[in-house]
Structures are given as structure tokens and as C-alpha cells.
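Q: Sequence:
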Amino acid sequence: MRGEHDLASIPKITFMKIKHMIAANLLLLTGIQAANAVEWQMKQGPMMTPWSETIDVNNILGEYPRPQMEREEWLNLNGVWDLRKAVEGEAYQAGFTYDKKILVPFPIESALSGIMEESDNQCYWYRRTLTIPESMKGKNILLHFDAVDWEATVYVNGKKVGSHTGGYDPFYFDITSALTDGGEQEIAVYIHDNTGAEGQPKGKQALNKWGCWYTPVSGIWQTVWMEPVSANHITRLKTTPDIDKKILTVEAHTATGNPSAVVSVVVSEGGKVVATGKAMQGQPVQLAIENARLWSPENPFLYDMKVTLTDNGKVIDEVNSYAAMRKYSIRQGADGITRLQLNNRNVFHFGPLDQGWWPDGLYTAPTDEALVYDIKKVKDFGYNMIRKHVKVEPARWYTHCDKLGVIVWQDMPNGDRGPEWQSRQYFKGVEMVHSAESEANYRREWKEIIDLLYSNPCVGVWVPFNECWGQFKTPDIAAWTKAYDPSRLVNPASGGNHYTCGDILDLHNYPDPDLYLYDPMRATVLGEYGGIGLVMKDHLWMPDRNWGYVKFNNPEEVTTEYIKYAEHLLQLIPRGFSAGVYTQITDVEGEVNGLMTYDRKEIKVNEKKIREMNQKICNSLK
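For the sequence shown, my numbering begins at 549 and goes up steadily by one.
These are computed hints drawn from the structure, not numbers from a lab.
A portion of the hints provided could be inaccurate.
Listed below are the simulated DSBU-like cross-link pairs for lysine-lysine, each with C-alpha atoms no more than 35 Å apart in a straight line [as the list claims (entries may be wrong)]:
| hint | residue 1 | residue 2 |
| --- | --- | --- |
| 1 | Lys648 | Lys685 |
| 2 | Lys826 | Lys995 |
| 3 | Lys793 | Lys757 |
| 4 | Lys820 | Lys924 |
| 5 | Lys1085 | Lys927 |
| 6 | Lys786 | Lys757 |
| 7 | Lys1085 | Lys794 |
| 8 | Lys862 | Lys786 |
| 9 | Lys1085 | Lys757 |
| 10 | Lys1170 | Lys1085 |
| 11 | Lys927 | Lys591 |
| 12 | Lys1085 | Lys786 |
| 13 | Lys794 | Lys924 |
| 14 | Lys1170 | Lys1112 |
| 15 | Lys1156 | Lys1170 |
| 16 | Lys875 | Lys995 |
Generate coordinates for the entire structure from the input sequences, incorporating the hints supplied.
A: As C-alpha cells, then:
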């Protein structure tokens, strides 16, 4: 059984086997990591987290990176790589001289990378060599990059195997045809990132850092890994629960269109089979889930799931996964107020803005322990939700939210210019017109993000725009998002220019809550408020440039002000608010309005009092 306390059990496979396999595979590498470990040096950033002290260059983020579709055999390629500065558009050359060492997958600008270089046009070559393990030979080899910002072109043994554009979605290439029969294999990756260029989704990255704009992130910033598969294999799982019909639908996307292949699904609870089903490849599998245990923040129950692909009775692929039965919806009550619902019950969504930045790794958490730490603190503070702000996290972050029971509002990392901003009324101005390239980049990456996170039960709300940042064709984007994923709610523009579209009207107001617009047909929410600042002099990114919307002198004052705002929010719930988002869980660079310091070393409030108040709000509609 997968309950909220069983954090290590997903997916259910032989972890000792994997650990031994990884250890054996590391021994098969050419020895470059061991040699490079001496040459690579961590930089000292303005701040460092406690986890930076535990960095092991031979085991960087060694956990399986894709928990919702896990195979037994894989190879982690994180670690020390060669690096050289490139020029834009530079062609691959076998004789390149690499004069730097970088720790993958930390961004080039980060201290943990060992580089910590910024420029307005980042162009670099990454390189490493390895030997393919004997157990992988004779199979198709997939090379995965879970995120590279922003453009990447990948070569294996000098042969181009593919390119990808987009900083927030994973990609992979089948590199089998580029591999040599034996010995050392070379992987080279050209990256180009011109942060701030028109048409590039970038979130809070900025070349000119000030206020709430932060250090740019370039290059490989999530795990690089490899796995062996059959020619026909499962490429993606899409699970859709329907608690009203008591059905779980599983769609297994595959590499080839083989009409004779069969997809089989087994759903179990604590080792006991709950449901089974099968269908021909390309067809959905529908499973009846009677007396389902429903997922919620109070009981984040997850079912085990095994998906098998067979052809003529022979197993050609098998993956371990998990699924949950839950439902996100809105409903107008007898009082005329439209509320957010979870599993057909009113639930007040309440949580912090979470930007997912780290002083030593920037976009990349130093360890998986660090990655889950912030989520656990959200639960400790008594919240039931997180708004993931203009960033997409590694897949493991969402699995941690699935297991711990945290509802996620997922933002699109916007970029480009914005139109005029009319935040306190319905928009009467003229929307910005994107270039064709900019619009295509946005639509492509937004679709990829939705595909990536579709099966995570924790994700409850899609947020295509933050405020008016890059906002365009809002009704169209909201309608497309809802049509593409009708199982979730759509918040068209959090605090942005408002239209009567989507499921949610989202207001921003600093510092105190304020209900200045209301929509009886949609859920009205407070998408940002708070921003209470506290400077803690030994935990600052910039000692002389720090800001919050309001500032106080000690944790007691911050706690008192927090509770004052929370009590005001509590009073506004009967008038129409259905959710609230407090800014924010941690300080970030020059912002000092976090509940914790940027280095996660200090909690800046009275945690017990904050939890008690937050629980009142979370339970206000029960």
C-alpha cells in the first residue's frame, strides 16, 4: 500500500538490484569521472545550502529520474563533464579542446557547476565519454535529457542524433545507430541560451537582475541518463481517473505502431490486485476501480500500477508506475458562490508561492533530500497546496507532492513582452501580438509541460500566464488548455489581465488580502498576497539590496503580521474567495519575504502559530 508515510516504495522494484547495477555501471565508465573529480572545483556562491556540503561528484542526483514510468535498468550520466566556451552556431569538431570541468546537471551560472559564469549569449560544448554496459548491448539505447535551457544539439561519436528547443521539458534520442561496436563512446552537447530573447519562455531569469528578477540559468540543469529498450517500447503513460464512473483509464503511448502488440495493466494495493485490463496497442485500457481510496492532502493514497507491452505473447517492455483516484472541479453552491472542489467536496486551496530557486544550484536542487525538503516544510506549515511559480520542476518533485499530499498549481514559465496591465478590472485594452515564432515556442512548450505532468495526481490547476507577462490570446489559450486537459482547472492569468474565461478569476494584492473583483460563475481566488519581509543578516544573497512588500525586524513581528493577513483572508472566504497563495516559501536572491531564508538554514516565523492559522484556513469550507 502506498500511503503518505511510505515515501520510498514508489515504484515497487528491486532497489538493491538497481543500486548494484548503478555501482557496476560506474565501474564501466572510462575513468574520466574519477580523474575529473580532482580537477573539478565547486565555486563559493554568495550563499550555500547545507546540502552542498554533501555533494558526491560520483553520485549526483542518483535517484531514478522518472518515477511514473520506471524500468529496472538505467545509467545515470550526471557527474563531471568536459566543457568549453563556444560561439553561436559552431559546428561539432572531433578535435575540440575542452579547458573546463562542469558538474552536471547544475546550470553554468551556478556555484555547484564549478563554472559560475554569466553572459548575454551563453554558448557552450559539453562532453563526456563512457562505455556501454554489457547488459545494455543488443538493445536500443535511449539518451535522456530531463531539461536543458534553452537550445541543445546532441552528438554521439561525432554523429548528430537530434536537437531540442525549450528549457522546461524533457527530451530523448535513440542513439543506437550512432554507437560503435565496442569501447569508448563520446557524447557531445552544444547548448545556446540567449536569456531574454524575444520568444523564449524564461520565467524569472533576467540578465539585468533587480527586485524579483534573478540569475539566468543556462545549459543542462536536470538529470542526464540512459536506458535500454526494445525497438517497440512504451514512451509515455497517460492515466485519467474518473471517480464518478469508478474508472481509471490508462493510455500507453508506444514507439512503433505494431497492430499485434497488447498493453496490459495491473493495479494493486499493498500487493493485492485491485483491477486488471488489457487492450490492443494504441487503444486505452479502462479499469473498474470499485470502492476506490481517493487521493487528498489528508490521505494521499496511491495505487501501484504495472504496465506491460507484449507481442505474440512475448513481453517486450514493462514499466512500474502508480496512479490515484481523484477529481478536481468547480461547483456553485446554494449561497451562489462558485467553489473549488476536490473529490466533489469544497476544499479551500491554501499554500505558498514556490519559485524553486537554490542559492548554490539556482534552478537545480543540490540533492533529492533538498528537493523534497521545501515540500515537507509546506506540509509542516499546515498548507495543502503549492503554486509552482513560472518554473517546472524535475519529475521527482511532483512525485514527492503526490506522495506527501500537496495540490499543485502549475504555472507556465512565461517570457516575451507584456501588454498594458489592468489588474483591478476586466481588461479593456489591446493584447500584445506575439511573433509567429514566439507564439509557436509558447504553445509547443506549454503542451509539452502538460504532457509531462498529466498523470501526476497532485497537479490540480494549470496557469498559462502570470500577471500580464507575455499574455496573449488569453481566451484562446485558456480554451485550448481546458480542451487538451478537461480533467483539471484552468486559471487563465494569475493576477493578470482578466477575461471571463477558464475556471478561475485570480486576484493579486500586496500585502493585505483584498476582494476587489468577483465572479459568481468561476472560482474567485487570491493568487498572491503577503510578501512580509525580514532581513537576517547572516543569510543574505545581497547584503545591501533586499526588499519585501513590507519589512519587519524579527520573527515575532513577521508572525503577528502574517496572522493579521490570514485572519483577514478568513473573513473574505464567506464573501467569495476559494483559494489563497502567500508569497512565499523561501527568500530568493534579493527578496527577503520568505518563510525561510534562501539557504534554508533559518525559519523566519513561529512555525507552530503559522501552522495553526493555516489549518483554520484550509479547513474553512469543511
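Q: Please go over all the hints and tell whether each is borne out by the structure.
A: Hints and how they fare:
no., hint, in the structure
1, Lys648 - Lys685, "holds (31 Å)"
2, Lys826 - Lys995, "holds (28 Å)"
3, Lys793 - Lys757, "violated (51 Å)"
4, Lys820 - Lys924, "holds (29 Å)"
5, Lys1085 - Lys927, "holds (27 Å)"
6, Lys786 - Lys757, "violated (39 Å)"
7, Lys1085 - Lys794, "violated (55 Å)"
8, Lys862 - Lys786, "holds (23 Å)"
9, Lys1085 - Lys757, "holds (21 Å)"
10, Lys1170 - Lys1085, "violated (41 Å)"
11, Lys927 - Lys591, "holds (33 Å)"
12, Lys1085 - Lys786, "violated (47 Å)"
13, Lys794 - Lys924, "holds (31 Å)"
14, Lys1170 - Lys1112, "holds (22 Å)"
15, Lys1156 - Lys1170, "holds (22 Å)"
16, Lys875 - Lys995, "holds (21 Å)"
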